[in-house]
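J.: Given only the sequences and the hints, what does the whole structure look like? Please build it.
The numbering used here numbers the first residue of the sequence shown as 83 and each following residue consecutively.
Just so you know, these hints were derived from the structure itself, not from any lab. There could be a bad hint or two in this list.
[Claimed, not checked] Using C-beta positions, here's what the derived DEER-type ranges look like:
#1 Ala507 <-> Thr374: 35 to 45 Å
#2 His128 <-> Thr376: 38 to 48 Å
#3 Ser425 <-> His128: 41 to 51 Å
#4 Asp412 <-> Arg240: 24 to 34 Å
#5 Thr255 <-> Ala476: 12 to 22 Å
We put the beta carbon where it would ideally sit given N, CA and C, even for glycine.
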Amino acid sequence: MSNIPALLTSVRGPVLFPDDAGFADEAAVFNTVVTHEPHVIIGATHATDVQAAVRFAAEEGRSVAVLNSGHGPSLPVSGEAVLITTRRMTRVTVDSVRRTARVEAGVTWGQVVEAAANVGLAPLAGSSPQVGVVGYTLGGGVSIALGRAFGYAADHVRAVDLVTADGELRHVTPASDPDLFAALLGGKGNFGVVTALEFSLFPVAEVYAGSLQYAGEDAAAVLAAYGSLAATAPDALTSSIIFLRAPDLPFVPESMRGKLSIFVRVAYPGPAVDGEALIAPLRAAAPVLADTVTMLPVGQIASIANDPTDPATGVEHFVLLDELTPSMMDTILAYAGPDSDGSLTLVNLTQLGGAFATPPQPPNAVRRDVAFALLALTFVPPGAPVNQQEAGSALTGRLGDKRHPGYLSPADASVDGVRAAYDEATYERLRTVKTTWDPGNMFRWTFNIPPRT
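T.: Pasting the structure below:
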């Protein structure tokens, strides 16, 4: 074990340097497209550990990075940086009377969904129970079950506990610090280390939800039916369409290996009879190979997506669409349909709009002027060079250049890439807040918004 600097002796969790046992495991991430090699890792167990880490970084002139659940890809952290991991900060408190949850920084959505469902409430959770609440919410947070009905997860945050660059722990609310509060929600990790969030829950006990699976050769018919549904869908219906060309690997069901399948995921927080009427055209569009759409308790919403649970390497590219035109559908089919070259593993088109488009009160920095979000992902087999897996950029480049703070990948980490996630006025407000609270750009290991100099 390395000698621990005096400023870090108060830390209750592990303090790990590169030569220490457990360093690599502590820095491990879900999407192995990035790896972290910081100067030191602080495994925080409490907000005071985070404060000690930030004060140590300030004293030594170092930058600070944060790894919450490790589920999503992030920027590779290296060199002089202090990396704070929060996976030990897992307390969840649900107030059924106020319909709120308070969660610490390492909490994942599976924990919140279970705790809320036990009292008949639902959060605006991510698609996977392994997704970290804080990182997801700071980017906006698109719930695949309730998003179009209630908006972004960020829109319903009530308070943020934040350690700022001076090492102070602040309870940030719309009343206490309106500009900082607005910037945190959509501005990602640029302004400090979030140690806890408080947010609203919703009185939803079940949803009419699940997925419809089709053969790849029916992609055009299903996409056309999906486009028609999206054009007329009520705000309460949240949906997405997925083109999945499953890799030929042991963890993939044999019937799907190397084949293209189409999935449409839907969720409707209303009566089954109304949900059935809404998606009837989808069921009629082509032969349905598997149909899991049913009344689903909110405690089981992760089954809508049934996301992978094991770490892997995937190169992601995102783009935002103002509309879904026939020409755009043709482009998607050309790159992801049955006659494509198969270089893309997954294309996921999610409808936004609905409550996502409604400006919240108090305001935040999440983008609202888009109708769809598209993810293009290439799975990188073990041992294959990551830098040769750029197929998704060809598709997204054909569709536009709009970005969103919740849909950024390492490929978008340039100044211009991050700037494209905001309109000009919002970006300038974020730079003002950054200059006030982090003028030295300590928190730059994120999709960075630089301070003014």
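J.: If a hint holds in the structure, say so; if it does not, say that too.
T.: Hints versus structure:
no.: 1; hint: Ala507 <-> Thr374: 35 to 45 Å; result: 43 Å, holds
no.: 2; hint: His128 <-> Thr376: 38 to 48 Å; result: 42 Å, holds
no.: 3; hint: Ser425 <-> His128: 41 to 51 Å; result: 46 Å, holds
no.: 4; hint: Asp412 <-> Arg240: 24 to 34 Å; result: 44 Å, violated
no.: 5; hint: Thr255 <-> Ala476: 12 to 22 Å; result: 44 Å, violated
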